[in-house]
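There are 2 protein chains.
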Amino acid sequence: MKSKVYLYDTTLRDGTQGEGISLSVEDKIKIALRLDQFGIDFIEGGWPGSNPKDMAFFERIREIPLQHAKVTAFGSTCRPNVAAAEDDNLQALIASGVQAAAIFGKSWDLHVTDALKTTLEENVRMVADSVAFLKQKGLTTLFLAEHFFDGYKANASYALEVLKAAEEAGADWIVLCDTNGGSLPHEVYEIVRATVGQLRTPLGIHPHNDSGVAVANALAAVQAGAKQVQGTINGIGERCGNVNLVSVVPNLQLKLGYDCVSGEQLQGLTQLSRYVAEIANMTLPNNQPFVGHSAFAHKGGIHVSAVLRDPKTYEHIEPENIGNKRRVLVSELAGQSNLLAKMEELEIDLSLDREKTREIITRIKEREFQGYQYEGAEASLTLMLLEASGKLKNWFTLDSFKILMEKAAIQSITSEAMVKLRVNSESVHTAADGNGPVNALDNAMRKALESYYPCIANMHLADYKVRVLDENGATAAKVRVLIESASNGEKWSTVGVSTNVIEASWEALADSIRYFLWKEGCEEAGHLASAEARVGIVNH
Amino acid sequence: MKSKVYLYDTTLRDGTQGEGISLSVEDKIKIALRLDQFGIDFIEGGWPGSNPKDMAFFERIREIPLQHAKVTAFGSTCRPNVAAAEDDNLQALIASGVQAAAIFGKSWDLHVTDALKTTLEENVRMVADSVAFLKQKGLTTLFLAEHFFDGYKANASYALEVLKAAEEAGADWIVLCDTNGGSLPHEVYEIVRATVGQLRTPLGIHPHNDSGVAVANALAAVQAGAKQVQGTINGIGERCGNVNLVSVVPNLQLKLGYDCVSGEQLQGLTQLSRYVAEIANMTLPNNQPFVGHSAFAHKGGIHVSAVLRDPKTYEHIEPENIGNKRRVLVSELAGQSNLLAKMEELEIDLSLDREKTREIITRIKEREFQGYQYEGAEASLTLMLLEASGKLKNWFTLDSFKILMEKAAIQSITSEAMVKLRVNSESVHTAADGNGPVNALDNAMRKALESYYPCIANMHLADYKVRVLDENGATAAKVRVLIESASNGEKWSTVGVSTNVIEASWEALADSIRYFLWKEGCEEAGHLASAEARVGIVNH
Numbered sequence: 001m002k003s004k005v006y007l008y009d010t011t012l013r014d015g016t017q018g019e020g021i022s023l024s025v026e027d028k029i030k031i032a033l034r035l036d037q038f039g040i041d042f043i044e045g046g047w048p049g050s051n052p053k054d055m056a057f058f059e060r061i062r063e064i065p066l067q068h069a070k071v072t073a074f075g076s077t078c079r080p081n082v083a084a085a086e087d088d089n090l091q092a093l094i095a096s097g098v099q100a101a102a103i104f105g106k107s108w109d110l111h112v113t114d115a116l117k118t119t120l121e122e123n124v125r126m127v128a129d130s131v132a133f134l135k136q137k138g139l140t141t142l143f144l145a146e147h148f149f150d151g152y153k154a155n156a157s158y159a160l161e162v163l164k165a166a167e168e169a170g171a172d173w174i175v176l177c178d179t180n181g182g183s184l185p186h187e188v189y190e191i192v193r194a195t196v197g198q199l200r201t202p203l204g205i206h207p208h209n210d211s212g213v214a215v216a217n218a219l220a221a222v223q224a225g226a227k228q229v230q231g232t233i234n235g236i237g238e239r240c241g242n243v244n245l246v247s248v249v250p251n252l253q254l255k256l257g258y259d260c261v262s263g264e265q266l267q268g269l270t271q272l273s274r275y276v277a278e279i280a281n282m283t284l285p286n287n288q289p290f291v292g293h294s295a296f297a298h299k300g301g302i303h304v305s306a307v308l309r310d311p312k313t314y315e316h317i318e319p320e321n322i323g324n325k326r327r328v329l330v331s332e333l334a335g336q337s338n339l340l341a342k343m344e345e346l347e348i349d350l351s352l353d354r355e356k357t358r359e360i361i362t363r364i365k366e367r368e369f370q371g372y373q374y375e376g377a378e379a380s381l382t383l384m385l386l387e388a389s390g391k392l393k394n395w396f397t398l399d400s401f402k403i404l405m406e407k408a409a410i411q412s413i414t415s416e417a418m419v420k421l422r423v424n425s426e427s428v429h430t431a432a433d434g435n436g437p438v439n440a441l442d443n444a445m446r447k448a449l450e451s452y453y454p455c456i457a458n459m460h461l462a463d464y465k466v467r468v469l470d471e472n473g474a475t476a477a478k479v480r481v482l483i484e485s486a487s488n489g490e491k492w493s494t495v496g497v498s499t500n501v502i503e504a505s506w507e508a509l510a511d512s513i514r515y516f517l518w519k520e521g522c523e524e525a526g527h528l529a530s531a532e533a534r535v536g537i538v539n540h
Numbered sequence: 001m002k003s004k005v006y007l008y009d010t011t012l013r014d015g016t017q018g019e020g021i022s023l024s025v026e027d028k029i030k031i032a033l034r035l036d037q038f039g040i041d042f043i044e045g046g047w048p049g050s051n052p053k054d055m056a057f058f059e060r061i062r063e064i065p066l067q068h069a070k071v072t073a074f075g076s077t078c079r080p081n082v083a084a085a086e087d088d089n090l091q092a093l094i095a096s097g098v099q100a101a102a103i104f105g106k107s108w109d110l111h112v113t114d115a116l117k118t119t120l121e122e123n124v125r126m127v128a129d130s131v132a133f134l135k136q137k138g139l140t141t142l143f144l145a146e147h148f149f150d151g152y153k154a155n156a157s158y159a160l161e162v163l164k165a166a167e168e169a170g171a172d173w174i175v176l177c178d179t180n181g182g183s184l185p186h187e188v189y190e191i192v193r194a195t196v197g198q199l200r201t202p203l204g205i206h207p208h209n210d211s212g213v214a215v216a217n218a219l220a221a222v223q224a225g226a227k228q229v230q231g232t233i234n235g236i237g238e239r240c241g242n243v244n245l246v247s248v249v250p251n252l253q254l255k256l257g258y259d260c261v262s263g264e265q266l267q268g269l270t271q272l273s274r275y276v277a278e279i280a281n282m283t284l285p286n287n288q289p290f291v292g293h294s295a296f297a298h299k300g301g302i303h304v305s306a307v308l309r310d311p312k313t314y315e316h317i318e319p320e321n322i323g324n325k326r327r328v329l330v331s332e333l334a335g336q337s338n339l340l341a342k343m344e345e346l347e348i349d350l351s352l353d354r355e356k357t358r359e360i361i362t363r364i365k366e367r368e369f370q371g372y373q374y375e376g377a378e379a380s381l382t383l384m385l386l387e388a389s390g391k392l393k394n395w396f397t398l399d400s401f402k403i404l405m406e407k408a409a410i411q412s413i414t415s416e417a418m419v420k421l422r423v424n425s426e427s428v429h430t431a432a433d434g435n436g437p438v439n440a441l442d443n444a445m446r447k448a449l450e451s452y453y454p455c456i457a458n459m460h461l462a463d464y465k466v467r468v469l470d471e472n473g474a475t476a477a478k479v480r481v482l483i484e485s486a487s488n489g490e491k492w493s494t495v496g497v498s499t500n501v502i503e504a505s506w507e508a509l510a511d512s513i514r515y516f517l518w519k520e521g522c523e524e525a526g527h528l529a530s531a532e533a534r535v536g537i538v539n540h
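In order, the protein sequences belong to chains X and H.
Once you know that position 529 of the first sequence is 529 in the UniProt record's numbering, the rest is easy, because the numbers rise by one and skip nothing.
Once you know that position 243 of the second sequence is 243 in the UniProt record's numbering, the rest is easy, because the numbers rise by one and skip nothing.
Be aware that a few hints might be false.
Said to hold, decoys possible - Here are the simulated lysine-lysine pairs, PhoX-like style, with alpha carbons at most 25 Å apart:
1) X:Lys117 / H:Lys312
2) X:Lys402 / X:Lys420
3) H:Lys465 / H:Lys491
4) H:Lys2 / X:Lys153
5) H:Lys402 / X:Lys478
6) X:Lys478 / H:Lys478
7) H:Lys447 / X:Lys478
8) H:Lys402 / X:Lys420
9) H:Lys153 / X:Lys2
10) X:Lys491 / H:Lys478
11) H:Lys478 / X:Lys447
12) H:Lys478 / X:Lys402
13) H:Lys312 / X:Lys153
14) H:Lys53 / X:Lys478
15) H:Lys402 / X:Lys402
16) X:Lys70 / X:Lys227
17) H:Lys420 / X:Lys402
18) H:Lys30 / X:Lys478
19) H:Lys153 / X:Lys312
20) H:Lys53 / X:Lys365
21) X:Lys299 / H:Lys117
It should be emphasised that the hints constitute simulated quantities derived from the structure, not laboratory data.
All values derive from a computational prediction rather than experimental measurement.
Given the sequences, and given the hints that come with them, work out the whole structure.
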């Protein structure tokens, strides 16, 4: 029988404290539903009373039946010299209608006297009174001991006295917070182990990543006896973030043998991580442990053939278990077998003969020599493979484009693009402004194509990178443009190379749209649109 | 007496295995100089023999005297059934002219028989023979035991036999590699501790971050007796990256009391991290532990006043110790002395009063908020300081420019620029083609200015980088352009920011020329050129 570790997610509360993170009530509902589906035990939705948005979330989520998770409200103990029953903050927790409440309180003597400006005894009273009040109202109650590790180092007996007061008042959980994120794993292990021995109440851990060791701190606490981990998806949160549950869960479950979620739920980990990133409008680092796009990417000839023969020689876990995929990086596509493995991974079946395969490999090498880089642009690679095998549809071709930029001394620069495309032998001529030349070009292309292929409205550009390939030429040098596009949480990358940054951008833009049309299974416009509709578009 | 831990940086070799990371020889030289300055003990420059770029690096770096670091070449043991002295790979190490070599070899029995396809005995011979050969050639020799932790778990006695063979052959260091990045801190601690007891040779640790615990693994290994940590700046590297030295060093030095670099060098940590990110054209996450822009950012009223009263109540270390800054939402008054120090460093003497200094600081903060970054563009900073103190000459001003780009289906794109400048109240109107819009703009500007300021012929653009600042907006997002210019071996960098890449490039181009004119001590054209000469130029 595996030992259960409970997952407490605070993406919707502590996570939104991260710089640049902002979630609407609708966003929070969407994320909560996915967290529930993944098997999270407690979903902390916000701090009722601190702002209207959080209260609106609790009102909305009450109406939605969840499969498993307990929606939890966050708050603090009552104020000094105020009875818990009279405290606005605790009243707001009750009013939010949740089943569980998590309240933080002081356990570091310095904070009691210097920040709270009250006595050590009064702080103990506030903790006990607040916990007892919430329990009496029928809530599952978690007491979060703020700055516990610093407090324990400064005055262990006082820190423990605070926890015991919460226990005696009936707390269901006591959670040890490393609020500064300054503790190291060996300290967390020792202090949790010492604390577990003093209490009957199950303990949780709430680490922050200021020292870059939050995941290790969570694991150390569990190994020392903690039964709950509080963190966020993708480690978002104030300063350096909360502990990343996306890394904690597979370590606990696949490596240390604890039980967090079902095997099937764990296979949704990568999707969950990418979904939350998408909703929060943040770029997920390719190198994120476990779920990153590069996490199981392999380079190097001998290495690749060994991985394909026996993945465990080079991989610490099987990517399938967490819903990620093994990737073979194309720059090493020396052999036919690698190319075939790549096509299987990209889920394209071209049944190529030996001659054709060799042709394609030669073409990849030529393009890489010119400066294309397909390891970061697998959508462009897919298009090249489709093209080489004659299976690429002709959704549109370029007749010409012109871009005009003008700047007068004190005014901002303006950018205009004119694009002439051919769609099913008809000429479509559009013009658009933009915030810069590439944006203008993108706008003009969309204007030309959206009526033929309305699904284009569902894709957007997510990232744009420019790299100068040969530095000695500076502005006359070759540049590589990488464009990342997204639609419904899925991402793909395309590449263009030219001495002209605009021409390279055009290539990557056109590839990005073509790849999306291929993935969506779009037919060429001639087969779709009626003659009348097309006439309308031509004069658009 | 604090115990010394040696730092081994492999940013230039393992780091460049990271997806999307590509460094030119010039980039590698720049980074190596900064690593040396920071106090890194070993700088791994590449794998000579594996590619011409790495060999070119070793040839260049040989000519440059370093203060402290040993430049190290990476390679592998000799091949099966080949004597070390006959092995091309080891010959290439010697030919690279380095003082130190790091060679990897197998220590996991499964890899010996399945990947290398040789016998366990032959593998031991290869390790011993290769180490002995390098020692005999006078090199400091590090033996890197690949997959050591997996190997130890599978067959501890064989894994140790391999290490002992390296020790007996005279290895100066034995480095335990967690090649898959799959080990957890408690395993690393136990295995390193067991291994230390078996050997006389000092041990190093080489962790990867696939489990999100690489920093903790490095700390655990040092606590168990390892004396060297191998990692990269910002944790770049294959898959999920190598261990991030930027997080390891302050943990070791400020929290665990080990000695890595001097206190003054440690204050350069944030700068080093940002510098490498800039050169590698990667976006540093704001939440990166220790050095991130948000790492010491404080929100919230009570919190902020508490931080200002007593930072240690809310911060795990003092940000000044690593060259980062506390950020609060109130305007920071600090920085006057910093600005004066900076001016001294830039060798500009402006004798500013207190009022003026405060004005300049406000202006820098505003511009940084807009996305300018002066750490990588000190020439632009210098111009701003000169301008703020009224000491910037008016060599030229922009009236307007226009850029036209045209592409027809099968032809290459063409770029033309028209520039109207005002030089000493005369209007100069020129046009030029270029290899792309920025090159055309550069050509047209030079055409306009060269007759007034002939020294411009001696400067050229050396590097051009574009960074998207707000990734969410993609092609409509703000971009930062960094231009590096050079003249007679001296280099300077300038910056421009706009939503339009061309406008940002213009700013950086204009700054680049202005800075050069200032450095050359050029007077404004009106004071130089005769009336006749100017007439000739206007009609140019």
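(message) Can you confirm whether the C-alpha distance between Lys478 of chain H and Lys402 of chain X stays at or below 25 Å?
(response) Within the cut-off at roughly 23 Å; holds.
(message) Does Lys420 of chain X sit within 25 Å of Lys402 of chain X, going by the straight-line distance between their CA atoms?
(response) Holds, because 9 Å separates the two Cα atoms, which is no more than 25 Å.
(message) Please verify whether Lys70 of chain X and Lys227 of chain X have alpha carbons no more than 25 Å apart.
(response) At roughly 16 Å apart (the allowed maximum being 25 Å), Lys227 of chain X and Lys70 of chain X satisfy the hint.
(request) Could you grab the alpha-carbon distance between Lys153 of chain H and Lys312 of chain X and see if it respects the 25 Å cut-off? (result) Judged against 25 Å, a Cα distance of about 14 Å means the pair holds.
(message) Hinted pair, alpha-carbon criterion (25 Å max): Lys402 of chain H, Lys402 of chain X. Please report holds or violated.
(response) holds (13 Å)
(message) With the threshold set at 25 Å, check whether the alpha-carbon distance from Lys420 of chain H to Lys402 of chain X stays at or below it.
(response) The hint holds at about 22 Å.
(request) Measure nothing beyond the straight line between the CA atoms of Lys402 of chain H and Lys420 of chain X; if it is 25 Å or shorter, mark the hint as holding. (result) Holds, at roughly 22 Å.
(message) Would the hint linking Lys299 of chain X and Lys117 of chain H be met if the CA-CA limit is 25 Å?
(response) Holds, at roughly 20 Å.
(message) Hinted pair, alpha-carbon criterion (25 Å max): Lys53 of chain H, Lys478 of chain X. Please report holds or violated.
(response) Given that 25 Å is the threshold and the Cα spacing comes to 18 Å, the pair holds.
(request) With a cut-off of 25 Å on the C-alpha distance, tell me whether Lys465 of chain H and Lys491 of chain H pass. (result) holds (15 Å)
(message) Check the hint pairing Lys402 of chain H with Lys478 of chain X against an upper bound of 25 Å on the C-alpha distance.
(response) Roughly 23 Å between the alpha carbons, so the hint for Lys402 of chain H and Lys478 of chain X holds.
(message) Checking one constraint from the list: CA of Lys53 of chain H to CA of Lys365 of chain X, max 25 Å. Satisfied?
(response) holds (18 Å)
Checked against the numbered hints above, the structure breaks none of them.
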